[in-house]
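Novice: As a plain string of letters, each chain reads:
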Amino acid sequence: MFNIFKQTSKANGEKFQNIIDFEYIKPNIYYFDSACQTLRPEQVIQAQDQYFHEFNSCGHRVKYKWGQETDKRVEECRENLLKLTGKSDKNFVVAFGLNTTAGINSVLMQLPPNDFKAIVTSEIEHNSVFLPSLVYSQKHNIPRKVLERNVDGSLKYELSDLDKAIVIVNTTSNIDGRELLNIETLAKDIHAQGGILLLDACQTLSHHPELLHNVEFDAAFGSGHKMYGPSVGFSIVKKDLLLKLDCYLIGGSTVQDVKYDSYELIDDDVELYSRIEAGLQNYAGIIGLNQALKWRRDFKFDLATIWDELEKNGFSVDGLRFKPNQILNASQYEKLLSSYLNQKLNTVPNINLLYADASPIVSLYATKPDLDGHKLAMYLSEVGVMCRSGYHCCHYYLKEKLNLPPLFRISLALHNDIKQIDYLVDKLTLLTK
Amino acid sequence: MLCILAFVIFLLLFPILGFSAEYRSLFKKSWICVFKKVTMKPCDINLGQELKNKFLGKIIFKYPKFARFLDKTFSFWAILFIIVNIWSLSSVFLSGLNLWVYDTCNPVSSEGCSLSGEACGVSSTDLDLSTAWSQNKLGDWAVQPFKTFGDTVSRIPDRLKSWNSDEYKSPTATYYKPFDANKKTAVEFIDPGCKYCKKLFGNIKEAGFEDKYNLTYVVYPIPEASNTANNGYKFQASYTIASYMEAVKLVPLANNKTNQTPDWQLLETIFTNVDDQGVDLQNKFNLMFSKKDVPAEIEKILTKIGYSDTEIVKIRDLANSDQTKQSLASQKEIVEKKVKTIKIPTIIFNQRRYDRVVDAETLKK
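Top line first, the protein sequences correspond to chains A and B. Here my numbering is used: the first residue of the first sequence is 1, the next is one more, and so on. Here my numbering is used: the first residue of the second sequence is 1, the next is one more, and so on.
By construction, these hints were calculated from the structure, which means they are not laboratory data. The model shown is predicted, which means the values in this text are computed figures rather than measured ones. For glycine and all other residues, C-beta sits at the position ideal for the given N, C-alpha and C. Worth double-checking, as some hints may not be accurate.
Under 7 Å between C-beta atoms, here's a sample of chain A residues computed to sit facing chain B [what the hints assert, rightly or not]: (1) K238; (2) M378; (3) Y379; (4) E382; (5) V383.
Here are the computed distance ranges between Cβ atoms for each label pair [stated by the list, open to error]: (6) B/R24 with A/Q68: 43 to 49 Å; (7) B/V153 with A/K26: 52 to 58 Å; (8) B/I32 with A/P369: 24 to 30 Å; (9) A/K26 with B/R68: 29 to 35 Å.
Bound-form chain A, shown alone:
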């Protein structure tokens, strides 16, 4: 099979290290479930291995060399995550944990309810947001509002909805990749109304982290396993918010002193993350994530290597404004793949796309009877295509509100190429025609 990742740059003969990092994927494997978790580049796997082989140790206040090496790399990961979202360590800290769901719960559930009048979320939320908002509302008897999203993904709201509200929403939908386009205005409006903004950013940080650069959020949550890293979660939280938390999820690594019947939480400015980072962390995972961030940052793809192929397939790059010999970064390459997939899917008969625009995450359903998403996924699995099916943890919106059948989801990542998309679409067409 044609593998673009083995191509060198036509422009200068440079062989990009990052584009040969998925060579371990066996032929005839077509993985399209990166919205759940991405595949890991070889460099990430090696970084984890290096930790285990060379300095496998605890971090946090360790005085010996291995521990100091661990701490160094963990701190580097915190810095790189802040850079990814355009935030400064003056105002924000990064805390690690299990995953996005755990991060959301650890912050939200420790927020003092008396400071807020309402909790607001939107209808297209993953259960990792939808359910904690429901539980928080019920537990503290605070009104909960579930707002609609526009077709383009922006949130429909009135200022009155935001009055002293905890607003918790996703920035990119895991159903169809719609982005929270009015996020900057929303953040300003929330703060003007005395509320706070918590973001489920796990899909955005993989596909379009630049979306958060100018956003004054109070906390954003992500997962390393959706960003080419190991399974590790992280929360990027404003220091001010951390200090307000009513911390009860405490224990190891969270205190600076303990008496018989009292304790002192760590209040050192640079270690405030410890408020929501109790116990030993997945250091190998964090180190792997750090490598993944660097890997994505350095990703390069020479468009010239597939330009002829694109033209032969009648693919138009006009809307993308790419030049034939352009070197694409990660976001640009994903944009190319998304656009290519969108054009190809428009040729598939008897399907409905939930969101018509190009997106790295696409949900669809067949209009033929007796061909729901589960069937499509299972049939395609038999020819090596791995796609997700079901309600993608968005039961309320998809099942109850829209009354849709189980959906079929294609999600792209940097390991994919246009030949894989061709294969997927060809097989899908055979089933739906």
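Based on the hints, put chain B in the right spot on chain A.
Specialist: Relative to chain A, chain B alone:
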């Protein structure tokens, strides 16, 4: 329905795949689903659907029309498959039980079972569907398998009991060698026309079995109601030979050249004699002689044994007498009512019963 199908399949495969954690999990899931169905609760596990899709996925890209047809009619095939599986499972169980009880998996026609030991089958009156339809006996046809099963179950005690050969001897029993009170008795149930009885006789001689036991026989021409050409017997000459064997017991052989009774001499001649062309005498009686010639051919043997013409006339009369018929009837009753064998030869010795040809090695022990 699909999860029930899955449960049945996993149940069948469990002895093979039960060691795999994956299949144990699938088995558990299918059981939960079946349990919910049985207790009228909604089944929230899509196991059946998943298995169906997995199966269809393997063929849909190669044979899309066929796969879609299967998809639409899957429930029908699932029900059919379940019925066939239950039927085959019960057949396997029943065959196993029959094999253990009768030494044949098919008591109705034992020769049709390749797993059974060598023997001539005693056919029962198996009612086939067309006969049942024409004779308006569909009810009998329907209950026949249950009746057969009931018969098998009722015979289980026989399989477990200790067999005393003295209880099954013929009232006119004779012994291959002179009776020795110090030896135990062995009784074989034979049909002179059955090639396996001949084979057993050969094994007995090879093993020297007749020296260790007081060997006697019960003669039983195997009946076969449908075989009208043979007057209702499996082999054409069997009844006539049996009649002569009984008759000679009543006519002392004055000129006996051996210490054997004339009936044993007659039987041994039929079982062992082979002509110059290599054709054995039993085969000739079964296939080559006409029914009309059979008495004359038996009488030739009697002449060789030492009977005079006058004695042979007497034997002929006795062979056709009520006394002989009565004797054969009483032996038939032993076979059918007491021993209840469905395979000839059957032999009882050393408190065990064998419904087949017993090999020489076993007979030597």
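Novice: Does each hint hold? Answer for all of them.
Specialist: For each hint, the structure was consulted:
Using the Cβ-Cβ criterion of 7 Å, the hint placing A/K238 at the interface with chain B is not satisfied: the shortest such distance is roughly 42 Å. Of the supplied interface hints, the one on A/M378 holds, with its beta-carbon coming within about 4 Å of a beta-carbon of chain B, less than 7 Å. Of the supplied interface hints, the one on A/Y379 holds, with its beta-carbon coming within about 4 Å of a beta-carbon of chain B, less than 7 Å. The closest approach between the C-beta of A/E382 and any C-beta of chain B is roughly 4 Å, which is under the 7 Å cut-off, so the hint is satisfied.
Look at A/V383: its Cβ gets to within about 6 Å of chain B, closer than 7 Å, so that hint holds up. Between B/R24 and A/Q68 the beta carbon distance is about 47 Å. The supplied range of 43 to 49 Å therefore holds. Taking the beta carbon of each, B/V153 and A/K26 are about 57 Å apart, inside 52 to 58 Å as hinted. One distance hint, 24 to 30 Å for the beta-carbon pair B/I32 and A/P369, holds here, with the actual separation near 29 Å.
Distance hint for A/K26 and B/R68: a CB-CB separation of about 30 Å, consistent with the stated range 29 to 35 Å.
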